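Colleague: For what it's worth, our numbering labels the leading residue of the sequence shown as 296, then goes sequentially.
No wet-lab data here; the hints were simulated from the structure. Remember, predicted model here, so these are calculated numbers, not experimental data. Just so you know, even glycine gets a beta-carbon here, dropped at the ideal spot from N, CA and C. The hints are all genuine.
Computed Cβ-Cβ distance ranges for the label pairs, DEER-style: (1) Ala313 x Pro392: 19 to 25 angstroms; (2) Lys427 x Lys473: 49 to 55 angstroms; (3) Pro444 x Ser391: 32 to 38 angstroms; (4) Leu317 x Ala430: 35 to 41 angstroms; (5) Val310 x Trp420: 34 to 40 angstroms; (6) Pro423 x Ile378: 16 to 22 angstroms; (7) Trp371 x Lys393: 39 to 45 angstroms; (8) Ala475 x Ser426: 51 to 57 angstroms; (9) Leu405 x Pro374: 19 to 25 angstroms; (10) Ser394 x Val311: 19 to 25 angstroms; (11) Asn422 x Ser395: 36 to 42 angstroms; (12) Ala313 x Met373: 17 to 23 angstroms; (13) Val311 x Pro392: 16 to 22 angstroms; (14) Pro322 x Tyr377: 20 to 26 angstroms.
Quick list of in silico lysine-lysine cross-link-like pairs, DSS-like style, CA-CA up to 25 angstroms: (15) Lys398 x Lys469; (16) Lys473 x Lys393; (17) Lys469 x Lys393; (18) Lys473 x Lys398.
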Amino acid sequence: MKEKPNLWLPATLIVVFALTRLPNMLPLNFSAAYALAFCAGVYLPRRVAGWLPLAVMLATDILLNVFYYDVAALGWYMPANYISYAALVWLGRRFSPKSSWLKLVGGGLLGAIFFYLITNTMSWWQNPVYSKTLAGWIQALTTGQAGYPPTWVFFGNSFLSSGLFTGLFVGAMKLSEKMAE
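Using the sequences provided together with the hints, build the complete structure.
Modeller: Below is the structure:
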């Protein structure tokens, strides 16, 4: 019978994920959250993959909202984020843990694109600042709202961080599997 994979490397990366949630630790939208949701879909059992990453993110979001941002524990924007994270878990379920490192990193990058499209489309739909036209949707996908950085900046950071953290997590899992052999 094969030994269970060594989990110290993935556990270390989960700690890194927690650190990326700290305010001002990294640039805006540069987070391991996208990779965590995608890789949970790839590596965790189906009964756990759907709720564990979302529960961890919800708990940390509530704590940050209440104790750091001093806003309501739950906000109007949260459903779009959690639908997007659930889509990342779903996307991860389409991949096998035995897939190549490159294929899994590509899946993580595709997940960042999904996240960007879903959250910005929901923002366009819900936010009265945007006209409900094709031009308004394109504004939501590119320049965003006045007074905030353009949404393409957020996308760039989420794309880069998704690739980086997916690569690190998948690499750690593949290395821990090799160490267990």
